[in-house]
Each structure stands twice: as C-alpha cells, then as structure tokens.
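J.: These are the residues of each chain, in order.
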Amino acid sequence: MIEIPEPTYATAADGVSLAYQVFGHGRHDIVYLPGNATQLDVM
Amino acid sequence: MDVPKTHYARTADGVHIAYQVVGDGPVDLVLVASALGLGEIWRGRRSGAFLLRLASFSRLILLDRRGMGLSDHILDREQQLTLESRMEDVRAVMDAVDSARATLLGLESGGFAVAAMFAATLPERTAGLIAYGAMARELWALDYPFGVTQEESDAEIADVERAWATGELASSWVEFLYPSARDDAREVEDLVALMRGIGGPGDAATWSRVDRDIDLREMLPSIRVPTLVIHRREDRAVPIEHGRYLAAHIPGAELAELPGEIHMWDVGDDFPSEVERFVATIHREEIELDRFLATVLFTDIVDSTSVASARGDQGWARLVERHHHIVRGNLARYRGTEMDTAGDGFFATFDGPARAVRCALAVVESVRQLSIEVRAGVHTGEMQTIDGKAGGIAVTLGARVAGLAAPSEVLVSQTVRDLVAGSGLQFADAGEHELKGVPDRWRLYRVVN
Chain L
1 MIEIPEPTYA
11 TAADGVSLAY
21 QVFGHGRHDI
31 VYLPGNATQL
41 DVM
Chain R
44 MDVPKTHYAR
54 TADGVHIAYQ
64 VVGDGPVDLV
74 LVASALGLGE
84 IWRGRRSGAF
94 LLRLASFSRL
104 ILLDRRGMGL
114 SDHILDREQQ
124 LTLESRMEDV
134 RAVMDAVDSA
144 RATLLGLESG
154 GFAVAAMFAA
164 TLPERTAGLI
174 AYGAMARELW
184 ALDYPFGVTQ
194 EESDAEIADV
204 ERAWATGELA
214 SSWVEFLYPS
224 ARDDAREVED
234 LVALMRGIGG
244 PGDAATWSRV
254 DRDIDLREML
264 PSIRVPTLVI
274 HRREDRAVPI
284 EHGRYLAAHI
294 PGAELAELPG
304 EIHMWDVGDD
314 FPSEVERFVA
324 TIHREEIELD
334 RFLATVLFTD
344 IVDSTSVASA
354 RGDQGWARLV
364 ERHHHIVRGN
374 LARYRGTEMD
384 TAGDGFFATF
394 DGPARAVRCA
404 LAVVESVRQL
414 SIEVRAGVHT
424 GEMQTIDGKA
434 GGIAVTLGAR
444 VAGLAAPSEV
454 LVSQTVRDLV
464 AGSGLQFADA
474 GEHELKGVPD
484 RWRLYRVVN
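In order, the protein sequences belong to chains L and R. Residues in the first sequence are numbered from 1 upward in steps of one, following the numbering used here. Residues in the second sequence are numbered from 44 upward in steps of one, following the numbering used here.
Keep in mind the hints are simulated off the structure, nothing from the lab. All C-beta atoms in this analysis are idealised placements derived from N, C-alpha and C, irrespective of residue type, glycine included. Please note: incorrect hints may appear among the correct ones.
Unchecked claim - What follows is a list of derived Cβ distance ranges for each label pair: (1) L40/L - P294/R: 46 to 56 Å; (2) P294/R - L33/L: 37 to 47 Å; (3) H326/R - L40/L: 41 to 51 Å.
As the list claims (entries may be wrong) - Every beta carbon over 12 Å from chain L, so not counted as near; a handful from chain R, in silico: (4) V64; (5) V191; (6) E204; (7) R205; (8) I283; (9) T392.
Build the full structure now, drawing on both the sequences and the hints.
T.: So this is what it looks like as structure tokens:
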C-alpha cells in the first residue's frame, strides 16, 4: 500500500488555486505534467 | 454503500449538470444544496444513510450545481453562478428525469435561495418547497438584525480560502456545526474529503461570496407553493430567527422548530421525518398557477416624437422596423418573451433577472447603430396572468422605472439587484423614488456597464 500524500493548494499569479502533491525525497525535482485529464484523488 | 450511477443533464445555456436518482417513491424530491459533492456524499458516514432515508418515501433527485463537484467547472461569463443559472440546473435535471413537478428541499442559505427562486418562478414545476437551516439573507442590516456583518463574513471567507480542505478548517466547522462530534477524527476526515471533492479554495470563496450577497426578502411573498420551514431551535450556525423570518414572510408557510443545536443536516431522524410528513400533505389543487415571480423589461425610444418628425413618415416606419428587429434579436438571445409593443417601446418578461438586465444593456448598445437611444427599466416581482395577458403591480412598476431612466441608461429596482449576486453586474445607487400609481417609495439602481 502506497502512502498517499495530502493534496495541497498553491495560488497562481492570476489568483487560481492549483492542487498539487509531493512524493519522495530524491535529489532532483521532477514536475510531472500529464495530459489533460488528471484527478489527484483518483490517480 | 452503493454509489448510484451519475448522469449528466444539459442546461438551456449549455452547462452539463451531474445528477443521480435514488428510490422510486410516489413523489419527486429534489435536494438543492450549496455544496453536495456527488462523488463524496456516499462515502460519508451518515450522509448516505440520510439520502436513503429520503429516498424511502420519494424518488430522490440529487445534483451538483454548475461549477461544483461532478458538474462542469469551466463556465463563461454569462453562465456564472447566479440564482437563475442554478435554477436552470434544477430545471435541466428535472427535464432529464421526466419530472413534471417536484418538491424542492433547499439546504442552508445557498440551496434554499435557489429552491425559493425556482418555486416562485416556476410554480407549475413545484409541488412544494422545504427549507432547512436556511435564511432570507446572510448579512446584517438595520431591518435584518440577525445577520452577520460584512466584516465578519469577509473574514470567514478569507479563512475558507486560506484553509480549504485542511483538518484545521474542517475541525472548526465540526466544532460549530456538530459540537458533540468535535473529538471524532473520522468526522473531520470526511469533511476534508468532501471539501476536496467539490472544488478548490478559490471556488469555495467565490461560492461563499455569491451566496452571501443574495437577499431574498423582496421575493418571499411571491412564493405561492406549499412551504415548510425546518429549523433547529438552538442552531449555532444559523440562529432560529432566520427560520422564523422565512416562515413569517412566505405566504401560508409552516414552521417546524426541531430541538437541538446541530446545524449539520444529516444528524437525527426528525428532519427527514418532517419532510416525509409534509410531502404526504401536499395536494396539487392548493397551488395557484396564475401568479408567479418574473422579471419585466421595458424599453422606450428616447425623444421619439422629434426623431419621427425629423425622419418623416417613411423614414420613421423603417427605423421602427429595424429597432424592433434588433430588440427581438436580443430577446431571443437572452430568452425573453415579448409581451407587447406600444409604438416605439417594448415590454418583455424573463424568468431570470440577470438575463433581463443583460438584454437591456445589449439593446441600449445595439440600437446606437440606428443613431437613436433607448431607455430601459427592469423590475422583478409577482405577475398575474389574466386571460393570457401579463399584469399585476410588477408590470406597472417596471414601466415606471423605465420612464425614469436617462437616455441609454438601464435602471433597475432593488429586488433585481438583490437577486443577481454572482452575475458580475455592477450597480450605482440612483436614489429613492415615488412611482406613479404604485404605493411606497422605491430604491432604484443604475446599471454601471
């Protein structure tokens, strides 16, 4: 069973709230940008 | 718990609304809420059981309003979250499930506001109206002393935006809405999941502001369907005075004061039991279908006599024809119904005040190409149909408001302003006026474009 991190929100410069999750502690940051359809609660 | 299948209905203005149907009872019951969250509601510990309880005596129809939960989130400017657009959401879902008439159960301020607007505007589609933990307006006013102040509300909304879908906000809500469950971790967890499922922090702040800016007081007397107001006597979130106010101002409304302080709607069986009792007492024949809430729009060409004499008979006739063509085009676009043309003026009705105002603005703008100006007035009130003709004091009032408008100005009554929260329309105070043939003084507003 994978430990699922809590989604948090960031606010973009134009005021839109964006939900994100952070996994892992590696040396490099990888920003995962999938296609159009994502739902953090279901992935 | 089995999650019912989710379907989508498409509204007249092109938004997809997610809905679910549970139960096969003899009456249709639509649950109208500010925030339901069809994806999460069945996972909650009590909410699923509560819904099944309602569905034990009804065909229960659930929907996520536009911009929320499983419904379309991306809305254009004219599809925003106004009372009338949320009324369209309910109508589209009822059409999709072939529900000719339903009882609307309006939960809390936002849900009830939509249900009330629907019931007053579309009595032919409404068997009955039920309010739970609801209010006519959220904000304090001299003549509405039980509301919260603008500052308190702003602070609360800022908190919602800052701490949305966190344990912190959820705990403070549980403390407030269901104090005896304050130490229950699952309660907080469910609430966090529900928040996350219905939208983001910016969405939540916007919804809260739209609901906060609604004022139903002027339209309550136009609700002509059997109505039950259910309120807990010690409700900590929405004091009982709000419920008593609603019951006192909706004609013939019944008030059921339930014991307790818990605002949360899915705790206790006395609430659904009241709903069950009430729907069994509703009889068709009680409803008056010839009186309903509508918005009237009057437009009039400025200085028509001098324009007519300057252009000559033929020129004037051509001008009037082109003017009528432009007005009718806008009526079609904003779904207005032409009631009458009196020479150079139009009288039209709408089932949503924001659409009537937008139509008026569009008419004012588009007739300029004819080198003429119009004045326009908009009012929302109770209409009566007599032999198929629209009448009533609301019609006289609308005509008087238009008469006071300056060239190229759209003037509206206070009722219009109070019902278009969320539309983005801006108003400036145009003072109090006495209107010929209508009692009282009326506060009017100029639409600032």
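J.: Each hint: holds or not?
T.: Verification of the hints:
1. For L40/L and P294/R, the Cβ-Cβ distance of about 48 Å falls inside the hinted range of 46 to 56 Å, so the restraint holds.
2. Restraint check, P294/R to L33/L: a C-beta distance of roughly 57 Å breaks the suggested window 37 to 47 Å.
3. The given range of 41 to 51 Å is respected by H326/R and L40/L, whose C-beta atoms sit roughly 49 Å from each other.
4. Distance check for V64/R against chain L: the nearest CB is about 23 Å away, which clears 12 Å, and the non-interface claim stands.
5. Every CB of chain L lies more than 12 Å from the CB of V191/R, the least distance being 24 Å, so the non-interface label holds.
6. The Cβ of E204/R does not lie farther than 12 Å from every Cβ of chain L; its closest approach is about 8 Å, which violates its non-interface assignment.
7. A beta-carbon of chain L is positioned within 12 Å of the beta-carbon of R205/R; the least distance is around 10 Å.
8. Distance check for I283/R against chain L: the nearest CB is about 35 Å away, which clears 12 Å, and the non-interface claim stands.
9. The claim that T392/R lies off the interface holds: its Cβ sits roughly 37 Å from the closest Cβ of chain L, which is beyond the 12 Å cut-off.
Hint compliance for this structure: hints 2, 6, 7 are not met, and every other hint is.
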